[in-house]
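Given the structure of chain A, go ahead and fit chain B onto it with the hints provided.
Residues per chain are reported as follows:
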Amino acid sequence: MNRQLNFVAYLLLALCALPIAVVSQSVSAKDVVAPAAYASFDPVARGTAVQVAVVMKIRPDFHVNAREVSAEYLIPTDLRAEAPTGFQLGEVAYPKGTLRTFTFSKNKQLNVYTDTVILRLPVKVLASAPVGAQSLTLKLHYQACSTEICLPPVTREIPTTINVVAATSAAKPANKEFFTAN
Amino acid sequence: MLSEQDFQKKADAAFEDLKKRLLLLGDQHDFDVEGESGKLEIIFEEPDPAKFVISPNTPIREIWISALSTSFKLGWSDARNAFVLEKTGEDLHTVIGRVVSQQLGAQVKL
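Order-wise, the sequence lines are chains A and B. Residue numbering for the first sequence follows my numbering, starting at 1 and increasing by one per position. Residue numbering for the second sequence follows my numbering, starting at 1 and increasing by one per position.
Next up, chain A with everything else stripped away, as it sits in the complex (with noise of 0.2 Å):
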């Protein structure tokens, strides 16, 4: 008797937890945001600056921890970037969250980003910077939850090729949608 109710007591926790499990197997965190990096000028001319935008395009029904996060255990959204010689990274400015609360916290507000944010890496052109097509390397982790569960974080790498040019007067404003402020 106590081995069927026990199997009965499995059979249950097994169907309850189905929705979770099909749900983490079939979305990743890479599905959830569709990140993608834009420059302020292109092309930029050496010895002037030009800001990166990093645009997170997430998913509706997901978030991702912000920058500031409200619980130790949830894992900060993150941009790392290197440059080849010639050019000198700033910090990285990123957005304020919203605070929000999830079936998962508990009616704890937690700090989150949803639908499209801009983080934004500011960096100097060297009057050393080679000409032509400069690739930067940036990587951004972070982690992304739905209002039940949060998903591994993962960490994607951005192409980012920034076009230098020698002459001041040939630079050119570009991607204005993502540098007005906001």
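Mixed in with the good hints there might be a few duds.
Only pairs whose alpha carbons sit at most 25 Å apart, straight line, appear in this in silico SDA-like list of lysine to any residue [as the list claims (entries may be wrong)]:
hint, chain 1, residue 1, chain 2, residue 2
1, B, Lys87, A, Gly86
2, A, Lys124, B, Lys87
3, B, Lys39, A, Thr168
4, B, Lys39, A, Pro130
Listing some non-contacts, in silico: residues in chain A with all C-beta distances to chain B over 10 Å [said to hold, decoys possible]:
hint, residue
5, Pro35
6, Asp42
7, Gly47
8, Ser70
9, Thr114
10, Ser135
11, Ile158
12, Val165
Simulated from the structure, these hints should not be mistaken for laboratory data. Glycine included, each C-beta is placed from N, C-alpha and C at the ideal position.
Chain B in isolation, oriented as in the chain A frame:
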């Protein structure tokens, strides 16, 4: 939107084909083609030193080209079965052929 796997498959095939064609063209017109960590670079010494970078941007399912101080962004077209520059309707080979021709000062076709 293509799935990530689909995009990677199509981008890998497009890059492999493009690399083969560029290597042949590079031998004829004296430029180098290098491919590492998923991207292709075309390096010119003559008539002016320059570097073009072609890289897949997987999260947004586009192929980005940096050439002639300009960025070109190509998305997948089911109708054309190719990566296409929306603004002009040119496919990957046409865009690369155009910018390489402009750089070399001689008409080339991929």
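Note to self: Next pair to validate is B/Lys39 with A/Pro130; report whether the Cα-Cα distance is within 25 Å.
What the structure shows: holds (19 Å)
Item checked: Exclusion check [A/Gly47 not at the chain B interface, CB over 10 Å] -> Answer for A/Gly47: holds, closest chain B Cβ roughly 16 Å.
Check: Far enough from chain B: is every CB of that chain over 10 Å from the CB of A/Ser70?
Finding: holds (26 Å)
Notebook entry, point to check: Going straight from one Cα to the other, do B/Lys87 and A/Gly86 come out at no more than 25 Å?
Noted result: Distance of about 32 Å is beyond 25 Å: violated.
Checklist line | 10 Å Cβ clearance of A/Val165 from chain B | finding: Since the minimum Cβ distance to chain B is about 5 Å, A/Val165 lies within 10 Å and the statement is violated.
Margin query: Over 10 Å from every CB of chain B: does A/Ile158 meet that, or does the non-interface label fail?
Written below: For A/Ile158, whose nearest Cβ neighbour in chain B is about 7 Å away, the distance does not exceed 10 Å, so it is violated.
Next item on the list: Classify the label on A/Thr114 as holds or violated, using whether its beta-carbon is more than 10 Å from each beta-carbon of chain B.
Entry: Check passes; 17 Å lies beyond 10 Å.
Check: Would you say A/Asp42 is clear of chain B, with no C-beta pair closer than or equal to 10 Å?
Finding: The claim is violated: A/Asp42 sits with its nearest Cβ about 5 Å from chain B, within 10 Å.
Item checked: A/Pro35 and chain B, when compared Cβ to Cβ, separated by more than 10 Å -> A/Pro35 is in fact no farther than 10 Å from some Cβ atom of chain B, at 5 Å.
Next item on the list: With 10 Å as the threshold, tell me whether A/Ser135 passes as away from chain B on beta-carbon distances.
Entry: Violated: least Cβ distance 6 Å, not greater than 10 Å.
Notebook entry, point to check: Does the structure keep B/Lys39 and A/Thr168 at a Cα separation of 25 Å or less?
Noted result: Status violated; Cα separation ~29 Å.
Check: Taken at face value, is the distance from the CA of B/Lys87 to the CA of A/Lys124 at most 25 Å?
Finding: Roughly 30 Å separates the two Cα atoms, so the pair is violated.
Hint compliance for this structure: hints 1, 2, 3, 5, 6, 10, 11, 12 are not met, and every other hint is.
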